[in-house]
Each structure stands twice: as C-alpha cells, then as structure tokens.
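K.L.:
Knowing the structure of chain A, use the given hints to seat chains B and C on it.
Top to bottom, those sequences are chains A, B and C. FYI, the numbering for the first sequence is 4 to 962, going by my numbering. FYI, the numbering for the second sequence is 27 to 272, going by my numbering. FYI, the numbering for the third sequence is 36 to 349, going by my numbering.
To be clear, the hints were calculated from the coordinates, so they are not data collected in a lab. Since the model is a prediction, treat every value here as computed from it, not as a measurement. Where a beta carbon is used, it is the ideal one built from N, C-alpha and C, also for glycine. There may be inaccurate statements among the hints.
Under 7 Å between C-beta atoms, here's a sample of chain B residues computed to sit facing chain C [unchecked claim]:
hint, residue
1, Ser29
2, Arg33
3, Asp46
4, Pro80
5, Val88
6, His89
7, Thr123
8, Met143
9, Leu147
10, Trp150
11, Ala216
12, Arg221
13, Met224
14, Phe262
List of simulated lysine-lysine pairs, BS3-like, C-alpha gap at most 30 Å [said to hold, decoys possible]:
hint, chain 1, residue 1, chain 2, residue 2
15, B, Lys251, A, Lys312
16, A, Lys551, A, Lys82
17, A, Lys211, B, Lys32
18, A, Lys206, B, Lys251
Which stretches of chain B does chain C cover? Using the computed rule of at least three CB atoms under 8 Å from a CB of chain C, they are [what the hints assert, rightly or not]:
hint, region
19, 90-99
20, 232-242
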Amino acid sequence: MPDGAAKDRAIALSVPPSDEVKTSTCYMCACRCGIRVHLKDGQLRYIEGNPDHPVNKGVLCAKGSAGIMNQLSPAKLQKPLKRVGERGSGDFVEIEWDEALQIATDRLAKIRAEDPRKLAFFTGRDQSQGLTGWWASQFGTPNHAAHGGFCSVNMAAAGLYTLGGAFWEFGEPDWEATKLFLLFGVAEDHDSNPIKMGLAKLKERGAKIVSFNPVRGGYSAIADEWIGITPGSDGLVILSLCRELLRAGKIDVDFLAAFSNAAHLVIEAPGTADDGLIARDSEGRPLVWDRQAEAARPFPLTHAIPAMKGRFTLDDGRVVVPAFELVARRLDEVAYTPEAVAERSGVPAATIRRLAAEIAEAAFDAPPVIDRPWTDAWGRQHAQIVGRPVSAHAMRGISAHSNGFHTCRAIHILQLLLGAVDRPGAWRYKPPFPRPAPPGQKPAGKPDQVRPNTPLPGPPLGFVTGPEDLLLDEKGQAQRIDKAYSWEAPLAAHGLMHLVITNAWKGDPYRIDTLFLYMANMAWNSSMNSGEVLEMLTDKDPESDHYKIPFIIYADAFASETVYYADLILPDTTYLERWDCISLLDRPICDAEGAADAIRQPVLTPDRDVRPFQTVLLDLGARLGLPGLVTETGEPRYPGGYADYMVNHERKPGVGPLAGFRGEDGQARGRGAVNANQLQAYIDNGCFWREEIPEEARHHRFANQAYLDWAAEMAFIDRPAPILLQLYGEVLQRFRLAAEGQGAIQPPDALRSRIETAFDPLPLWYPPFEDESNVEADYPLHGITQRPMAMYHSWHTQNAWLRQIHASNRLYVPKAVAESEDLQDDDWVWAESRHGRIKAQVRIQRALNAKTVWTWNAIGKRSGAWNLDQQAPEATRGFLLNHLIDELLPEKGGYRFANSDPVTGQAAWYDLRLKVTKMTDTEAETAAKPLEAALPSLPGLAPAPDRLTYSGGKKEGKA
Amino acid sequence: MTSLPKRPPEKALGLVIDLDTCVGCQACVVNCKEWNTGGYPAPLSDLDPYGANPAGAWLNRVHAFEVEPEEGQPQVVHFPKSCLHCADAACVTVCPTGASYKRESDGIVLVDEDRCMGCGLCAWACPYGAREMDPVVGVMKKCTLCVDRIYNEAIPEEERQPACVRTCPASARHFGDLADPDSEVSRLVAERGGRDLMPELGYHPTNKYLPPRPRREGCQSAAPKALEPASPEGGFLGWLDRVLGG
Amino acid sequence: MHPAPSVIAFTALSGAGYGLLFLLSLGYLLQLPWSADAWAFGIGLAVALGFITVGLLASTRHLRRPERAWRAVTQWRSSWLSREGVFALATFPPAAGLLLTGPLLGMQGWLPLLCALLSVIGAAATVLATAMIYASLKPIRQWHHPKVPPLYLLLALASGAPLLSCLLAFEPEAAPLAFVAAGLLLVAWVMKQSYWRDIDRSAPLATLASATGLQRKGDVTLLEPPHTQDNYLTEEMGYRVARKHSGKLRLLALGFALAALVCLVFAGLSGGGWTQLFFSLPAALLALVAVGIERWLFFAEATHTVSLYYGKAA
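Chain A with its partners taken away, still in its complex shape (with noise of 0.2 Å):
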C-alpha cells in the first residue's frame, strides 16, 4: 500500500504506538473485559481491547477506551484523611498511612472483642467480594454486602432458585443460533459489550430482537419490536403469555417433567404444616404419579412421563396435586388473560397473543438440533440435543420494583415452560453455573455464630431455604444492621445496602459503631433519599453529642461526596494501579462454552500516597489478628499484600481466588495446590485464563453427566448431582406455611399477609406497593432512570472525556404529557413525588411509554465534589431522582416498610411514582435544587487544570 502513498505528501505511517504493551483487565464497568495498555515513554498511550480476551474478543466501549482520563482525574484521592471538622464540611487533615490504619484497628479491634456485628461493612460495585466477604466472617460481623441489593439481587435470586442460575455472570442468550430474543427492562451498563456484540449477531443472521422497556433507546433502540411496557406490569405480560402458550398446548412438557418439579406432588391439606409442599418418600425422594402403575413413584420415572395434572391420594391418605397443574390453574386466572393485563401494561391484548405465536413458533417449529449424543445424571441415553432457539436477558429494569422478585421468576418460568433453559438457542448457563437451585450455602451469622473475638462459621450471604435459616436474634428481630434475612427480606441473597444508613441512624435493630464502606457512593446517588441520609450521617445524639453513627471509614479511589462524610479516608488505588482477581469465588467473567478468570496487573506506579484498598484490608485484618489472616504465629499471612493472596490463598483446598495454571507445574486447573509462578502465567497468557467445557457437557448442564462430573472436578459443584429445575417454587412455600402460623419460627402479626401473599410458590404478580389506590390520580407517572452506556459508577463524572457526553441529564417526557402539560424541549419542570420534588429540564421522547418519564441516573453531583467546578453543569443542571425515592414507604398499621421486594429486600427504585408540572420563568430561575451549597476542595487535590492537552507520551504538538 505504501507505494502509492509515494505521491501523496510524507507523513511518518508507522509510528510505534508504543513502547511497552500491558494486559490487564478493565475496571471502567463490570464487564471486565480484556485491555491491552499501551505504555509511551512511561505514559498512558492507549487502552484497546484485548482481542483474545474472552469477554470482549477485542472490542472496548467508551467507558474503558476513557482508562487515560480516569487515569489522569484531578479527582483522585492523595494520603489518607482524618476529619477534623463537623462531618460535610470536608474539614479534613492529611495524615499518614501508620496512623490511619492504627486508627481503623483501635476502633475494629475493640468492636471485635464486644460485638462484631457493630461493624458494618459494606462495599459498592467492587470486584472483590471474594475477599471482602471472606474478610468480614474472620472479622466476625455479619453486617456484610456488596450493591447487590440495591442493583438486581431479584434477577439472581429467582434465577438461582428457580434454575440454578440467572442472567449476566449466571448465563447468556446462545446468540449464535437463537431465533427470537426477549430482551426486558435492561440496565446498559451491565454485562454490555457481551450483549452489544450478542444483539449483532442477531442481526446478522437475522434473529428478531423484541424489547420489552419504557424507553426506546439503546439496545431497543435496533430491536424489531419495542414494546414500550408500563413500569412494574412486565410480570403481567410474561405470565400472560405464559397463559397463552400453555393454553395452546405450545411447552415443552418432556422437558418440564424430566427435569423440574412440575410433575412433583404437591401436598393439598390447608391448615396443615404440609400443605403446598411436596411429597417424598422415606428417604427423601419426591414423589411424582406414575399414570401406569396408579401410583405415587419417587422421581424421576425413567419409563414414562408421570402425571402432570390430576388429584391423587397417597397411600397415607395424604392429597397431592401435580405442581405443574398447579401452575397452570394459576396461569388460566383471569387476571392473567390478555385482555386482563392489557390496560395496566400498555400492551395490547393483540400484541401479547401474537407474541405468544410467534414465541410457539419460534420455540418449537424447526428448532436446531446437534447430532451429539449425551447421558443424562440418571443414566439416560440421548441420542440427539434438540435446541429450543427463543431466549431472554434482563437485568435492573425489572428487578428493581416490589414485585421484581416474582417478575423475574416469571421470565425464568416462562424460559422453563418452553423448555429453554440451556439447549441450543435458548438461554445457556456459564459455569460455575447452574449450581443447586438454589445453591446450598447458608448465610451466617445467627445470634450463636456471631461472638467476640470469633469468625463466623461461613460468608455472610448466602441462600435460606426456610425460616429455619433466617438471621434472627431470640425475639425474632433482625441479626443483621441491614434485616436482610430476617421476615422484611427472607430471601436478601445480597444483603440490603439502601438500609444500613438509615437502619444504622435509628438504632434499629441495634446500634452499630463503624460503617465501613468500600466505593460506594452513600451520600449521593448510591442511597434513595439522598438529602435526609445525609442528615442522618450528620445527626448527633443530644445527650452525648456524639453522632448517631459514631464511625465511618470510607475507602474510594476518587473524591466523592461520600468522602465529605466520613471520618476516616483510606485512599484507594486506580485499577490500573494493582493486582487484582476476577474470581470465581466472586462474580465469574466464563462464558457458555468455557470457564474463565483474570487478573489486572500493575501497569503505573501510583504518584501519590495511595495503597490497593484490597492490600489495605489484608493488612488491617493481620493487625486485627484475624484468624485466616495471620499465620499461627501471629506474623502477616499475606505479607505480600493482595498478589500474595491471589496466589496463596485457599478457600478449600486446592481452591483458590485463580482457577487458572495451579498446581507446582502450572498444569492443573479448577483445584491444584498453589503454583508460585501463578500470576507470571496469567500474564504471559495475557492476564487471562479459559478452559473450554468439553463438547458433550455444554447442553442440558442441570443433568449432564458429563458437565457435572467436569463441573465437580474443577470444583464448581460440590458433587456431580443433578440440579432440580424449581417450577414449584417450594421453598417460598416453607415461609408461607409459616406465616400461616405453621412452624416454630413465626413472623411478626403485621408481616403476616405480606408474607402470605409475597412468598407464593406460584407464579404471581401483584401490583407494586407504590401504586396505593390514589395513586393515578395523585401521581399519574411512572420515573425510572437508566445509566447511560458511556458512564457507569458515578465516578465517571470525573473523566473528563465521558464527562463531555453527559454532562447533566433531562427529565425525559413522553408526547402526551408534553401535550397535557404545556410542555416544550427545554422547559423546566417540577418532578414531584409522595416524597418531595425537585427541578428538572425535559426533553420530549416520542418513543417512551405514555406514562413514563425518565432521566439518566448519577449524572447530577453536589457541587464542588469530584474536584470539578462549583458550577459544572452536573451540579447546575443536572438532577438526581434520588431526593424523590423514600427509602420507606408511607406508615401501615404502625410501621414503615422499607421499600423494597418483600422476598429478597430489592430496592424497588423503579416503583417511583410522580407527577410533573411546568415551573414558571421565575422558579425556574430561583428554585434551589436539593443540597446547592457547594462542598469545599478537599487537602491535597490540587485544582483541576482548566485545559487539557494530553498526548499519551508525546510532546504538545507532533513527534
């Protein structure tokens, strides 16, 4: 090619992009996809994908192509902070790292020797909750979570107990032979280059693509069919087309009874403790009916397809029903017919009945079929694996409401009666997935579990199975700072992190002393009701003076508004910074086809006086003495800070936080002693390690044979035991019989009917609590938010490239509100919940469900925080519908319930309900936005320079 640029003018065309190229592991979202860091004259010089990465097969999104900036942000952390002043008046000293830590462990030390649960710790989108959920059950709390809770801990509960898995880190669509993809009230900024790259294939082979949102933007932005759904109804329109299909016969009825519970017997005798649960036999065994022999056999029956529907007495006298008949008489209420769902839904009848149709046909007309054949976990010849190409995603948009819990069963359910759950085409599971259903750990911390001085006897979180499991003290109150796991949120499987504040702040269950919180932004977009958090954090005792949380230690890389109200700052690292493990004992980055984790290595040496947050905390564990992190002689077991544990650490034996090159040799993988030479092998690897799953254990994964036995080997499952698909939910039935009064374990009265009506092991939909009978007439709309795809945490804001996309954020308004309201592009509006309202500029979206308004989350800040300008527009401008989500909803017979799904504690973000109406000139120019005094600079950060001219390594100008 160059020869003909011989007549066009010189320029140089080969310029080494580089001197030195990195692999690591981009932290700009939770993708975590693979980067190569190219490095000139020891500067950033560019951040590409890492095209033989898994993840992203070399593709990078904005986010992560924005490494440089966030690299370069005047925002970042220098020393460790003491707070001088009142907390939020930013009054801080600079003190040294010996110091902060002596701090952190005089205050630790004593709270372990008394009560350790008066330490909650608590950490946001962070990448290490193998660790940080280890840490805190040597430390002894059970106050532990990550952001789960308040992100989409209802998709991954009913994923994981209904299939033993769920979307994003759980399972994906087959994209390469899927026919028609459901896509549901999807959050952007998860999962989304994998998706991004998904939904191109789709479109290159021409799949359908139907988008089930409120909004068209995004990914719906390029589906076929955007069904722009009412907030909150999509379990109307999932279970009425699962009424539709089952109506028709159109489900895979071999399947369900091979595989799940549909054909287990379900004990029918109300008022007893064994009504709604399944029988067994002696052993243990399930019963099913064996149609030819007219008699209860255990399952499965290898010989022929049991009863599905029917009433049958066991031979105890006791009266059974087949779950799946069960099911479907809930499914044929009329509640669930199309015409029934369609107002409430904004999806016509029509619509939901074609849907149905072309799902059927898609489903089971022509599907792909692999002539490979495979043994089943009870010895079961298939000759043949026959795909059921329809699949779904979702994620936040529909796990972050009341009734989110049973929504995403539904989607789950709705996967399970076609059949498609992992079979070509349909919805796949990613190892260390499917895992039982639900996974067999329990959380600890019960009252007898947590003493001083003592680690709990397992993780904090993990996965109940009935009351019996509940964190609950003698009075059958909270164990936990956050309730999760008790009767407000049975089933809190990621804990409850928009609680702790407010929970910590009232006292209730009990007083903590130290929140510890690891980058997450509390004090601004992270919690609902943002502006009276912060009076809580502020609010003193006025007996004591003290303040009502006594302690707050805050690590963060970056200036948040959330380090003005801390105590104590331990400055965090950059992720290009450290060492790092995308763990399998954490959230796993495999695919369907292999199994897979990486690390981030060091590239920069940090310019300032930073540590890892990760290193920190294993130091602050080896001062405390906690029992895994020191050696039997007191000394440091990970001197070597938090590389050294990636590498020498071992959960079980032979099991570490890298799955990759174990072994002396290197050679083993999954389980193999620690290999010293470990983290130089992921990097001559590229910082990554993939074990494809053998061909025959790739399909039909519950009971696969060979997956299980593959599986167990590299110690993803405990044993190769077959996984039992949950049509029936019973173990929701276990807390239902006991709010019936059944057991010895008993809600509290004013619980009772919540819990009879939330913990149903049918398939359910209930309106969200938000919608009281007043409500259309009071607060007709709906307000929802989205994170753009070019911005994730918070600190995005920062960067200043990203910053330049969004800025500040419009109140998004459908045209028939426009209409009704008098409203123009640009307007200023009043947004107005139960709650309170607040100032925002509309734009006016055509394609937006009519009863919907939405706007880009954690784009507006508090000025002067992230050392950006008083009067950057994200403060000016932009809005946080934060200061209008009560954390609680309104008083019922005596007490506010949290606002959150009443099964897993969720919080239901998303059940926002408002009403808009147009300011005048004069408010709109006078009105003072939530919080406008500005936070003042923070010691050590210089001011943000007011040009930026950065050329990776070159000089201003050229070569």
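P.N.:
Then chains B and C, alone, in the frame of chain A:
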C-alpha cells in the same frame, strides 16, 4: 496543493456505518479520541475539562434521532458521524494555506497541521460538521481514517484498521475500499442500500450509511396472529391427555 | 453562523476602503472631477488604504495561528480566501503607487494611469473574492446565493462613496458625487431587501431526513445531541438569531441606510462646501453603521447544514 486530485484516487478508503446495529454506546467516539490524542493529530485538546463548560476536539460524535413513521412505532436511530472523505471535498479546495489535502493514493482527506492557520473556513465548507478546531492548539482537526494505523507496519496486520472500527462492540462500523466494487464494504453498500448523506449538495461522500433494516413489528413470517386453544372442550389442560397419550 | 466581530469589521471596513479606492482610482483613470484636487485625492487614497489595512488586520484576529497567515497566498488556484489575500496584497502596490505618483509627485503619463487601472481592478477583485469566499460555500444557503457577490460590490461602493463625498466637499465640480453615492446606497439596499426576501423564502438546502439518509423512514427529529454541552460546531455554525430580533435589525439597518441616503441628498443639494461636509460626514458614518449591521446579519442569519444534526433547520 489544495486542489483535489486530478484523477480519481486509486482507492476510496472510507467507512460504512450500519444504523441497524448501532446502539449509541459511544465506544467509537471515545476510542477515536484516545487513539488520536496521541496519534497523527495529537493532541486533541479539551478546554475547561473539569469546569462549567467542557468542550474538546472530537473527530467522531454520535447523535440520537427519533424517527416517527406514518404508521408503526417511533424509532430511535443512533447516528455516528465523522469525516466522510468526500470525493468533492470543498474543505480541501477552500483551504488558503495548503494545509488541507486529499490523498491521491487512497482519497483520505488530511490536514497538515503545520500549515494550518486556523481560519476555520474548511469547517464552514463542510456540510457535515466533520472538522473541529482544536480549542487549545488552534488548528483544524479531523478524522484521518487512522492513517497512522491502517498502514502502520509496527502493529499487527489484522489490527490495521481505524480505531473506531476495531473497538465497535456492535459491528456497526466497517472499513474498506469503496472504489473497489468487490470489496466487503462495497458489497454491504450494494446489499443493504447504503446511502450518501445530503447527496443534494454534491460532495459525493465516500462514507456510506446503511439504513436500519425494516423492523418486524407485526407478524413474523407466516405465524398465526394468535395461538388456538389446544383443546377448547377439555379445559385449560385438556390437551395434556393427548400429549401424554391419555 | 457566529457573527465574529473580527470578520464583520474586516468585511465592512475593507469593503468601504476598497469602495473608496475603486472610486478614486476610477476617477483618476477617467479624469473625473473628483480627482482634480490633489490633496483631497491623496487624503482619500490614504483613508482608503487605512480602512483596508485596519480591515485586514482585523481579519487576522479571526485566525487562531496568525503567524502562519503568510501561507494563505499560496492556494490561489482553488481557494477564494487565498485569492482574496493575493488580490489584497496585489492591490497595495498600485494603490500606493497611485498615491505617490499622482497627488504627491504630481506625475503625469502612463505610470499613475497604470496604477489607477490596477487599483480599480484590484479593489473590485478583492471585494469580489471576499464575496466569493461566502458565495462559494454550498452548505450555507444564505451565502451560496447569486446576489451575494453583487451586494458585496455594491455595498463596498455605497459605503465608500459617502466617504468620498466628505473628502470632496470643497470641490464644487464633484458635488454630484453625493447623488451618485445616494444612488449606490439606494441600489444596494433595494438589492439587499430583495436578498432578504429571497433567503426568507428559499427552501432549506437539506433536511434532517436527507442529512441522515432516513428520508424513507419517517419524520426525523433530534433526541439527543452527541454531547450535552456546546462544541465548536454548535458555537461556530449553530448561531441563531431570533426572527423577531433579525427583523428589527433589518429595519434598523434600513433606517441607517435611508438616513445616510437623505443626508447624501441634502449634501448633493448643498452645492459643496461646509454644508456638504456637514451632511456627507454623518452619511458616511450612517452608511458604515448600516453595512456593519447588514454584515452582522449576514453572519447571524446564515444557517449551516451541520445545524440539522443538532436539531435546527438549515
């Protein structure tokens, strides 16, 4: 010389942008900025980057438009836009200093920044808004089609593509020779009805845009409009008896 | 388009200067009465060159890298801006030559005549080149308009002529010049009014639908700009003046022009002397202000097709 090449360039390198798959994620926008701030046009400056009015030089931007058809659902179309490397590039001919030029070998329109006096006339001459004045350096910046990547012998051959094309997660950007009718990009344009932007202005842009494919909102293929009850007389689960053989 | 003061000052002042130079040189060439008074002629040339020089200096304020402005003369084969530079520079020597040879040295013969001829051509060519910079820009329909070049020429003359009327106030034979100036103003403004009517009525060059290639898909509107803040493109080319506002400014410009015209008529009727100066001087100022407003509107009312992508008409 800022006259256009006398003969048509041997190649017409350019981009084909697929509006059917672009989800508006801004990956191309930022990766372009990142590559080019240290590449041929280095730096791409930003003014007031942490202030009240941040404004930098970007060579590629993604707009979002709504399209309301007479019938059917309103659509949202994400629309990336960078220099189209026009055959009749007025930005080149108006340049008084000889800084702007169109390469004879491949048709890429470039700015020789050392010759640019920052008059801005080329930006006025471009109907598409493809040129941006660097707010600090004071010279005109524009898409180079990553001329310092696509011929760069210091990087692996398969990676010699514009940064925006390589990084796009949705495969919405394609790079190639649009003068060659057999090239992949030319074939895409032919198959998908690739379009010129503002053809009425006569600039003959090289880059082409593939319009969104027709949306399949209603029935797909011959699917019936609704499913029939499998066994109307047998009740909701009447069909089960048949399936299970009685 | 952003009405940059530097460019407005440049085109208005240099226009008047070239108009004056043109009239003086033409007068010399044709031995018209107004070249008779050597002093007035010399001062006139000096004033013209002053206007031109100030205008050109102002134009360099528009350059971000003015130290490279010398390169602008190199591309005369394709670029009207380059041609303008070349013509402007090429006009200085004959204009200076005319100043030196004519009034100062009182030379006769071919040299001053040649200088005058070249000055006439140079002045006209420079103004025409300036006009063509704008008129050749297809993305801006208000500029890419056949009346733009004649208007630039006419307005240059119409703002130069009143200046000449001032200079020759005491030259009785030149008194009709005021009527000529008034006539030029009248013609220029009649044409300007018709230009304004044209651009108010002319169809947009393109629509957002054609700008995006989505014309077959339906009605296209902007949902989100690429970045939330303004950028170079929106600031430079997205400038908009409210219709109400521009209407007022057009009237104001017309008012100034009419006032100048009336003054010129009175000047013409005065028969020379102080009275003529008394009327010509405000006429020259009023005409210049009128052209200044006209020039501001020329930019502010111009819409660029790039605005389509930002949700505005073009």
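K.L.:
Next step is simple, just say for each hint if it's right about the structure.
P.N.:
Hints and how they fare:
1. Ser29: 5 Å, holds
2. Arg33: Nearest chain C Cβ about 16 Å off; hint violated.
3. Asp46: 11 Å, violated
4. Pro80: Because about 6 Å separates B/Pro80 from the closest Cβ in chain C, which is inside the 7 Å limit, the hint holds.
5. Val88: 5 Å, holds
6. His89: 5 Å, holds
7. Thr123: 4 Å, holds
8. Met143: Holds. Min distance 4 Å.
9. Leu147: 5 Å, holds
10. Trp150: Holds, because the Cβ-Cβ distance from B/Trp150 to chain C comes to roughly 6 Å (cut-off 7 Å).
11. Ala216: 15 Å, violated
12. Arg221: At about 4 Å, which falls below the 7 Å cut-off, the nearest Cβ of chain C leaves the hint on B/Arg221 intact, so it holds.
13. Met224: 5 Å, holds
14. Phe262: 42 Å, violated
15. B/Lys251 / A/Lys312: 29 Å, holds
16. A/Lys551 / A/Lys82: 27 Å, holds
17. A/Lys211 / B/Lys32: 48 Å, violated
18. A/Lys206 / B/Lys251: 24 Å, holds
19. 90-99: This one holds; 7 residues, not fewer than the three required, reach chain C with a Cβ under 8 Å.
20. 232-242: holds (count 3)
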